[in-house]
Structure formats: structure tokens, C-alpha cells
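These are the residues of each chain, in order.
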Amino acid sequence: MLSLSFLSVLMVSSLSVLLGLVALLNNPTRLTNRIFALLCVLSSAYGITNYLADHDQSRGLFWARMTFLAAALVLLFMLLFINNFPRKLFNKKWETWAYVLSSIISVVVFLPDFIPQVDLKPDRTDVITGGLYPVFLVYVVIFLVSSYRLGALSLQHGEGIEREKSKYVIMGFFIAALLIAVTNLILPLLLGNNDLSALGSYFTLVFIGFSTFAIIKRRLFNVRMVVARSAGYLLVVVALASMYGVAIFGVSQLFIGKDTNPLFQDGIYTLLSVVLAFTFQPLLRVFQRGTNDIFYHEHYDSQVVLSNFSKILVSERDLDHILKRTITELCESLHIGFGQLVIFNNERVYRVEHFGQLPKRLMVAPELATLNSSMIVADELTGGARKQLMENHGIRVSLTLKTREEFVGYLLLGDKLSGDIYSSQDIELLQIISKQLAVAILNAKAYAQIEEFNLTLQARVDHATNRLRAANHHLKELDKAKDEFISMASHQLRTPLTTIKGYLSMMLEGDSGQLTPAQKEFAGFAYGSSERMVNLISDLLNVSRLSAGRFLIQTKPTDMVAMIADEVRQLATHASAKNIGLIFEPPKEILPPAEIDDNKTRQVVMNFIDNAIYYTQKGEVRVVLEQSGDKVRLEVRDSGIGVPEKAKKKLFTKFFRADNAQIVRPDGTGLGLYLAKRVVEDQGGTIIFNSVEGKGSTFGFELPFTPATPIREVAHAKSHK
Amino acid sequence: MPSPTNNAPVSTPTAAPVPAAVAPAAAADTDIKTILIAEDDPFISRMYQIKLESAGFRVILKTNGRDAFEGIKAEHPNLAVLDINMPELTGLEVLSALQNDGFDFSQMPVIVLTNSSELADRNTAHSYGAEYLVKAELTPREVLNIISEKLGLAAA
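So the sequence lines, in the order shown, correspond to chains A and B.
Counting from 1, position 82 in the first sequence corresponds to residue 82 in the numbering used here; the numbering is continuous, with no gaps.
Counting from 1, position 130 in the second sequence corresponds to residue 1130 in the numbering used here; the numbering is continuous, with no gaps.
It cannot be assumed that every hint is accurate.
What the hints assert, rightly or not - Away from chain B, derived, C-beta distances all over 10 angstroms, residues of chain A:
(1) Val145
(2) Ala239
(3) Phe249
(4) Lys402
(5) Leu455
(6) Gln458
(7) Val664
(8) Glu681
As the list claims (entries may be wrong) - Some, not all, of what chain A presents toward chain B, calculated at C-beta under 7 angstroms:
(9) His491
(10) Arg494
(11) Leu497
Derived from the structure by calculation, the hints contain no laboratory data.
Every residue, glycine too, gets a C-beta built ideally from N, C-alpha and C.
Chain B on its own, in the form it takes in the complex:
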């Protein structure tokens, strides 16, 4: 994975201030859905974070498979977006670990969002009931739409 450098046209993204254009989430917070994103490329995770937060989601970012696994167990997100190629554990290994842990997938939709388009990976993802999407083929908005669908919300 390419790491951001000083020459990069975009400065290293941080989790800090949400851009002004994005409206703050609604006040009544019990309805706020939490999305866990496991993605080791900071540019990509930042991109989705901005898009999702602007649509009123709470976003938890994890940069490796181990953290993602712990995060899902500890924070009970409403939906998880997992990359495949990550340090520690791959997205698919996270799914396997969760299953071994007795995790109930029916309570939390999973989207495997990757740039690998190996048929085997796709089939593995499907076997856990997860959606399988190719990052490069989708815009952040399309990802947002799919997430909204999964959570039974109207498209943003």
C-alpha cells in the first residue's frame, strides 16, 4: 500500500475537523448508526469517513484486521466495511475469527470492499453473507447508497 508522502497533492488526512460543507448529524442520537471501516490506506478511509459522516453516520476507523476484530466485538457497530489486504488479519480472516467467536452476523451486515477481484475471495465473502464490492469501480456516494440500503434506510 502506498503511504502518503509530502509530495502528495492531498495533505495527510486526519480524523479531526469535519469539513464545513458537511452538516452535523441530527440531534436525537439514538438513531445514529455506527459504521466500522477497516482500511489501511488513510486516503481511502478518510474519503469514506467524510462521505459517511456527512450523511449522518458515526464512523469508527480501524487500520488493521486485529483492531477491526476487537472493535466489532467491543463497540457493536451497525455495519462493518472490511478491506481484504490489511496488516495482522485480512478482512476475510476477521470474518472467520468472528464466526469462530460465535458472532451473530444477522445483527450486523458486512461489506467486503476491496480492490482484489479474485473469484475465490468473492465466494468466501458471500459464504459469510457479506456483500462483495470492488473499490475502484464505485464512488464514495455509491458506497454510501449501498450502506444505506443495507441498513434499511432511504438512499441519501
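Next up, chain A with everything else stripped away, as it sits in the complex:
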């Protein structure tokens, strides 16, 4: 009984079952895993029934029929597997037809007309084919062709790793199926004997081999996990069996004698089984943790890693922090030696972050561009430029980070510290993480760019401010040069003016002999003009002093009545020449000398009177000086052209001249009133101004009046002339 052939068939069948177990344990809830498990069990069943048909000759006919049944079902599940792996290709309706056909053939194989009888030979059982036998052949052809067509479609649509996986499984199946079809279906038909049919059992090895290759090399299923789980189950079963055994032995020794009540015995055993049922799960967990530690020293919980990841992405907004923390978390959790994040912006490398030992060479942008597909695992590439590139740079996995709209960058991972290949758990986790990371990086990038923009903006504002500052400085220099020029020119003008004015005054005083009335009149006009020019130059000098900050009020006791009388006397010639009355009304009481800036105030008074005469065509100019309490008030009232309403606001600003004033006096500087305001206000006073255009104006000031005690000689001297 225990022949070599039996042992080998048993081994092949066990391998097949084991393969199914691996698939099932890997993910018991996934449909493809279940289908694959069933497929394995059925191939094993086929191997066994095929053997038994030859060797259990007393039931030869039954085993032969069972062999055909198993083969039919193997074909069915292969078809289902291809249709569902990696994802569903066709709908349920299509599958239903497959089920219907299989059900029919399952019945057909047991009908007497299919295999009426078997021909028992010493070493084998030959099948005598009946009338229905060709139906089975048709069935095989339909399923093989369909499977082939589906497989081709699956390979065509499949991508990367999934395609590799199905490729090996389908290839294994077809080779096995063809070999079996040749030995067990076609050759018997052609040669009329079943000499080679026993080989059919062994041909399932081809399928097993290819599938195993796909599992190990292409990660079809996670073998390590399956082994760990199997070991866990095995241990728990052994442990429980031992415990149970010991318990039963102990109980029977202690409580159960020969005359024990059978009801009591049953109760004890029932109790034990209840205890067993409740201890199973906790024990299983304990053992699984143990086996996980043994088989998975790199074990991690995907959920924990994902939750840590989410925490980082939620808590961080800074791009550099996100990159640093995520690559660190990822590499540490998955026990990866080297990790790199390369983030792009406008097709250029924007940020790079590393973890761990840097490889000898880092990839440059054009190299990275060749990796532009969602995920590349170097171990799954059979060759080519990409594989070469990744190998050269020590990269095992490359993920392209992108959102639906935008390309973000690359996540490159090196070897695992253990040297193992990346497990399917790793791959799944990486795929989830890469999507989250892409979104988070894109947001952080936008945020960082806003920050950068703010910085640039600040820099630009600073730059512009500096330029303005420099321009301002330059303008100040220019202004200073202008003031210096005015000052210099004015001083130079004063020298010839001194002689003109001086000699004219001497002529008028009779120093050159008696003048005719006409000569006196003309010389008087010339003198008056020279006087005005002197004042004009003083104005210019004062303005340039004002801008240069060298305009200072220097007070001294001044007899204001004498000062104003003096100015009125000097301008009387001008007034009478225009046939305008010029009247000075001094205060009724005696005005003590006031502490004011004599020169500057004198110029203000002169300016007011001179203007009044100039802008009045007929009538009079009245100069009124009054003192009331601690104020002294001067008003110069004229009946002249007046100030237009719109000019009033700007009248006291530098170089401003009202339109009507420009017509009357084109050579005015627009400085007189500007200076007057400064002189008055710098002495703590206020300007008096009101005017009606066409009727006349009143200009004047109100100064604080402080009687001065000691009178200096010069002021005194002036009051005497």
C-alpha cells in the first residue's frame, strides 16, 4: 500500500492543499483567496482520485468518475479565479453560465453513458468511454478557451505587480492543464489506452510550482504572515489538546471512580469543553503575539502607522516639518534604511528631505522623471533602464506623489533594514500614505509659497523705502544747494544795490546840489524801487534760511510806533505817486517799546503796506496800530482788488500768487505773506486776514505784547530820526 507512487502523489496533493491553506490564511475574507484555496484543494483531489482510480480497483469506476468531476471543477474554479484576480473582469451573469455548465457536467460524469465501465489492468484502470464522453471534451475546450481569453484580457488590463502575479498562476495552470489534457484526454482518444494517465496527478506540480513562485517572488500572498498564523494555530491546538488531555486525565483520576454517576461525568466533561471554548480565543491571541514576535521582528500595525501619519499631517502646516516628520515616521515604522522625499514645483525640484544613510548617488530630476508611474517596486521589474536606475541608487520602491490634478513629487525608499523584500502589507500601506501625503504636501506647499511671497513683498517694500530714502536725501542735498545759491546770489546783488540806493538817497538829500522838482521826483521813484529790491532780497534770504533751518527770531526792545511810522514815511512817495492816500493811525495811548524781532517785523509791516499800495488802484490804505491788554494789533486796510475766494486757502504758502495779483504785479515772488506768517507765528502771534474780491483786503497781525524795560541805544537812535 505504501508504495513510492502513493507517497509521491500524497506529497503533491499535500503541497497543493498547503498552497490553498496559505492563500486562505493570508486573507480568509477575500474572494480570490477562497477561490484559489478551492482550486488547490480540487487539484489535490484530482491527483488523489486519479491515483485511486488506478490503485483502488474495487471502486475503480467510482474513482474514475470522481477524477472527471474533480477535473471539471478545477476548470470551473480556474475560470473563476482568472475572472476575479486581481479584479473582476465580467459580471455575475457570466459566472452563472459557468456554474450551470459545470453543474450539468457534474451530473453527466455520473451517467452510465459517460463511462459505462472500466477496464481493470494489473497496474492501472482504463476508462471505457461512452456516448456522452465527447460532451466532456467540449466542456474542457470551452473552459480552456474561455480561461485563455480571460487570462489574456487580465494580463492586458493588469498592471505591474498584479499582472506579474496572474501571469505566473495562469501560466502554471495552462501548462498543467495542457499536459493533463494530452495524457488523460487526447492520448487515450488517439491511442485508445491510458498508459500515461497516472502522470496527470504529477502534472498538478507544474501549477503548484508556478503559483509558489508567484507567491514568493511576486508576493502573491504573504507567506511570512501565513507561516506565522499557521504556527500560531498549530501551537494553540497543541497547547489546548495537551491541556484538555491533562484536564480530562486529572478529572478522571480525582473525581471519577468506577461507580461514579454517568450524569456527573457528562457534567464534568461539558464544563471542561465550555472552559476550552472560552479559553481558545485569548490563548490564540497570546500565541499569535508570540509567533508574530518570532516571525515578524519588523512587525507593525498598519492602523497605528496610519494614525500617527494623520496626526503629523493634521498638526503640521510647515512644509519642511511635514517632510521631515513623515519620512522619519515612515522609515522608522517600516524599518527602512533610507528614504527620500523629492518635491517638485513648476517641474523643478523644490524641496528634498532624507532619512537615514544617504546612498552614494542621489537621483537627479531627469532620472526621477523616468519613474513617473504611480508605484514601482524594483524587485518586480525583470530588467530594463528603470530597474538599473533604481538598483544604482539603492532604491527599492518608488512612489509618485500626486493628487487628482497635480503632480507633487516622489517618495523613494531604500532597502529594508532586515534585507527583506517589501511585503504586501508594506505596499498597501505605502499606497494609502502616498495619497494622503500628496494632498498634505500640496497644501503645505501653497502655504509656504504664501509665506515666501510675504517675505518677498517685505523685501520689496524695504527696497522701495530705501530708494525713497536715498531719493529724499538727494532732494535735500539739491534743496540745500539751491538755498546756498539763493543766499550767495542775494549777497552779491546787495553790493551794487547798496551804491544805487545810497547815492540816490544822497541826491535826494541834496548832497549833489539842489535838484529840480522833476529830478527829485524821478530820483524818488528810483530810490523807492531800490528800496523794494532790498526787501525782496531780504525775503529771498529769509526763505532760504527757513528751509535751511537757520531762521531764528531775535527779539530786542522795539518802538513799534516809530518803526511803522518809518515804513509809512518811506512808502509815502510810492502811494502819492499812485494818488492813493496812506494814513497811519497810531494808538491813542503811548506804546512802550515791545520785545519783538525788529528787523523781521519791520519787513512784515513793510510787506503789508507795500502790497496794499500795489494792489489798490484808488482810495486809501489805512495802517492802524492798537494795543489792548497783552496784545498789540496791526491792521493794514486797503480798498484794492481783494483776494479771490479760491486763493484764500493757499495765500500764505510759499511762492503762491493769486491770479488777479499776478496780472497787476507779474514780478512778485509769492514770498512776502509766507514769511509774514512765519515771522508772526514764530513770535507767538496770529495773522489777521480778511478780504472781499474787488472790494479790498485787511492784512495784519496780533502779537503778544511784552513791554521791554532796558532800551538799547540803536533802537533809541532810530526812534529819533
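Starting from the structure of chain A, add chain B where the hints point.
Okay, now just chain B, sitting in the frame of chain A:
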């Protein structure tokens, strides 16, 4: 300083004949006051000379600061009128040199008569006890009046 040219309406002034209109100084000469004028513009100095001499003053004209300094020390004028912008020494430098020389300013009033109206110059002049006046703002008569005041004489 502009120098006189042939085109000038007034011929180059000379120190020579005093115009006829001006009355000669009083005969008893001990009371005649001497005024030193330091001024590099001949038109201006001539103008003051005429006015002062007509009022009976003796006038010494100097055209630069160095001569003015020497003149004051040698001839002991009763009053000095100094321009600021002059060759050799400015009027203010003359004052400084005199002070360094131990000159007693209380014996001789000084008038700084200039066309510069810089505040600093004004303050410097005041620090020597000198009067500070702007030429263009005054007529020769007004200058004469101020000089008379300084010398304690009645205004002319």
C-alpha cells in the same frame, strides 16, 4: 566784488576833492572825530566818505583787513566801520586780531557794516561789542546817524 569799469555811470571815485556842497569842517580841530572805514568796494567807501566828511568827520579809508588792523593800531580812530568780506583779513578777523593784540574796545566803538546777514556773523560781531548793520538796508545818512549816536553826538 565788482570793480568799477569805464561803462560805470559814476566815474571812478577818488579821495580827492570834496564836493562843493559839503561845508568844510569846523576850524577848532581838537574836536574833529576820526572814522576809519575798511571797505574794498570804492563806490561804497566813497559814498560814506562824502557823507561823513560833509558832517565834519575825518575819514581814513582802508581797502583790506590787514591795512585796517594796522591803521586802527597806528592812527587811533574814534570809531571803526568794518566790512566783513575783504582781502587779507575779514572784518571779523580784524576784530579777533585786535583782541589778541590786547586792544581796548571800550575806547573805540566798532560798527560791522556788511551785506552778509549770516546769523553767525552777527553773533560774532556782537561778542566783540560791535554793532552789526546791513549795508543795503541803510542809507548813508542812516549810517551817519548811527555813528553820531555811537560817538555821543547829536544826530546830524
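Checked hints:
1. The beta carbon of A:Val145 sits about 117 angstroms from the closest Cβ of chain B, which is more than 10 angstroms, so the claim that it is off the interface holds.
2. For A:Ala239, the condition that its CB be more than 10 angstroms from all CB atoms of chain B holds, with the nearest at approximately 112 angstroms.
3. For A:Phe249, the condition that its CB be more than 10 angstroms from all CB atoms of chain B holds, with the nearest at approximately 126 angstroms.
4. No Cβ of chain B comes within 10 angstroms of the Cβ of A:Lys402; the nearest lies about 77 angstroms off, and the non-interface call holds.
5. Interface exclusion of A:Leu455 from chain B stands, the closest Cβ pair being 50 angstroms apart, more than 10 angstroms.
6. At roughly 45 angstroms, the least C-beta separation between A:Gln458 and chain B is larger than 10 angstroms, which holds for a residue marked as non-interface.
7. For A:Val664, the shortest C-beta to C-beta distance to chain B comes to about 26 angstroms, beyond the 10 angstroms cut-off, and the non-interface label holds.
8. With 10 angstroms as the threshold on Cβ separation, the claim that A:Glu681 sits away from chain B holds: the shortest Cβ distance comes to roughly 19 angstroms.
9. Restraint check, A:His491 versus chain B: the minimum CB separation of about 6 angstroms is within 7 angstroms; hint holds.
10. Taking 7 angstroms as the C-beta cut-off, the interface hint given for A:Arg494 holds, the closest approach to chain B being about 4 angstroms.
11. For A:Leu497, the suggested interface contact is upheld, since its CB lies about 5 angstroms from the closest CB of chain B, less than 7 angstroms.
Hint compliance for this structure: no hint is broken.
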